[in-house]
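One-letter residues, chain by chain:
Number of protein chains: 2
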Amino acid sequence: MKHEARVLLDHGSGGRASLRLIQNIFLSCFGNSILDSLDDAAVLEIEGRLAMSTDTFTVDPPFFPGGDIGSLAVHGTSNDVSMLGAEPLYLSCAFVLEEGLPLATLEAVVASMGRSLKETSLRIVTGDTKVVPKGAVDKLFINTTGIGRLLVENPPRGRRAEAGDAILISGTVGDHGLAVLSKREGMQFDSPIISDSAMLHPLVLSLLQAVPDINVLRDPTRGGLATTLNEIAQQSAQEFVIREEAIPIQGAVAEGCSFLGLDPLYLANEGKFLCILPQSKARQALDVLQAHPLGRSAQCIGEVRSGHPGRVVLQTEFGGERFLRMLEGEQMPRIC
Amino acid sequence: MKHEARVLLDHGSGGRASLRLIQNIFLSCFGNSILDSLDDAAVLEIEGRLAMSTDTFTVDPPFFPGGDIGSLAVHGTSNDVSMLGAEPLYLSCAFVLEEGLPLATLEAVVASMGRSLKETSLRIVTGDTKVVPKGAVDKLFINTTGIGRLLVENPPRGRRAEAGDAILISGTVGDHGLAVLSKREGMQFDSPIISDSAMLHPLVLSLLQAVPDINVLRDPTRGGLATTLNEIAQQSAQEFVIREEAIPIQGAVAEGCSFLGLDPLYLANEGKFLCILPQSKARQALDVLQAHPLGRSAQCIGEVRSGHPGRVVLQTEFGGERFLRMLEGEQMPRIC
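Protein chains in written order, with this note's numbering: chain A, -15 to 320; chain B, -15 to 320.
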């Protein structure tokens, strides 16, 4: 029987085996002049106001069409930093590994993180690795915490949506959630369903350069488009009206959801964002989005109006209206 | 049977139940003007160069004499930031919770974090909560990532130890490791063994104000004093000579270790640090340390000398010498 190298408790002890793991796996994929110093903390040079965000990634399965827990951990946190109108610059990265995890799995995840970083000037500057006894964690969890530099004076915030604003979405919804779920359940569709996991900073940067006065940016991850719209409507104390027919959904995703009895408006996205801005700037913003590979399917999906604070109204394709509510209960187990 | 409220998968869905958890538990203990905005990222004002550090806390048992996973998560990360000669200012906090965890446990941990923050100007400014199915995590894990402002021009670094420097330890070693282990194993000693978990910033600040030219600061957590000395000796490519009889160890800890066959030099500490600085400043630094409640038992335990790079030599109480090596293998399961 061929020997397969595995993660041992010793790899998290802080001793010699930890150092080998850091040098052989982490530094070879993440290495940079800041991380290489291997101090307990990293020294960073950064000017101006900062954005900071954290996220722990626990995805089952860890590898899925269009990404894996590693690419997700880089994209997800850097996107949250981007949503404040900031340029993501530095990430911390903390692994919790299950004793017995194949080292090849860890290597594949770390390599994927390294590839995701290559697209950008983002760097992993400090890290931590814990190994817990078999059964104390499901394979591996990754926490990333990101900091970035604010690019605009008045950053987009969830509380800033104003009556009269247009509501844009940068592309199709539901892709990531359905991709992970169908991989987990071993389902096959006629067209493959691929996660939209992507680093949004380049698109956000183009947008902010053209249209600096954006009121809200937010990526509809957990809970999907519907939940995120409700969050923003509540934070801004405004009413949102959304036109169902304007929401971009890939045909294969719509079919898959229909087959499984899922609502794509509640599925996680990992490469899309909502943009809420004055109506007068909406056309210009849409042009910028649609001209970029990550925003080709961008659409204006509705408006902010003064009405019942915190309410999201969906105008259905059949001419009716219904409330679009926050996710209550789990539509499905963990997918992001 | 009395109903006991528990963590549900729904609490991590990003929907309505997540919001209730955030508002009822997290904001009531952590609330501040930055966190309260509940955006995906926090906006921070900070001047000058930064230190950033991350740590995930997985401790069994979560409550132990002298602390718990919550106080540890605040102290541990802020101490790592302090070790770079920085003032810890902002923390992110990411929970991974096991479905079915009693809400009372979470509340106790969060309240403890809130109390640990009260001692300081440190604030939790952004967070994340994931709930994973029962069995996918052991109770709860907490990641904290901290950023702080550098207080000195030339920050202490692991690579800066120089031949002739004195090596100080700020107090007794082994307390935390033995406290957690004895609680886990249900052992009783004549004198109670209490974790030394503490926020080191006030002591570090006093020290840096009196003696700004410190070459290395590092807290000997996982792997204990022996492993941390080896790390620094390697990073600095120097030889360290340590006098065994100078290492402060509480009597009860020495006895407990002797009884259990453990070496206190390899047990984790959570409220102590090593300080390496020019011999000419050692007396002044010791005076500052010993005048502070957190540094009463501080001692000079050895010197840096040019010799075999990366080697740590222990001069034993019997007049002999032996190599003090890095931890190889696990002395015991997870305790920090």
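Check before you lean on any hint, since a few could be wrong.
Heads up, the list lumps identical chains together, so a pair's fine if it works in one copy or across two of them.
Stated by the list, open to error - Restricting the straight-line Cα-Cα distance to at most 20 angstroms, the calculated cross-link-like pairs of lysine to any residue (SDA-like) are:
1. Lys167 - Pro117
2. Lys118 - Pro45
3. Lys118 - Glu169
4. Lys118 - Gln283
Worth flagging that the hints you see were computed from the coordinates, not collected in a lab.
Going down the list of hints, with the structure as the test:
1. Lys167 - Pro117: Between copies only: 18 angstroms across, 27 angstroms inside.
2. Lys118 - Pro45: both (18 angstroms within a copy, 16 angstroms between copies)
3. Lys118 - Glu169: between (24 angstroms within a copy, 19 angstroms between copies)
4. Lys118 - Gln283: Close neither inside one copy (47 angstroms) nor across copies (40 angstroms); limit 20 angstroms.
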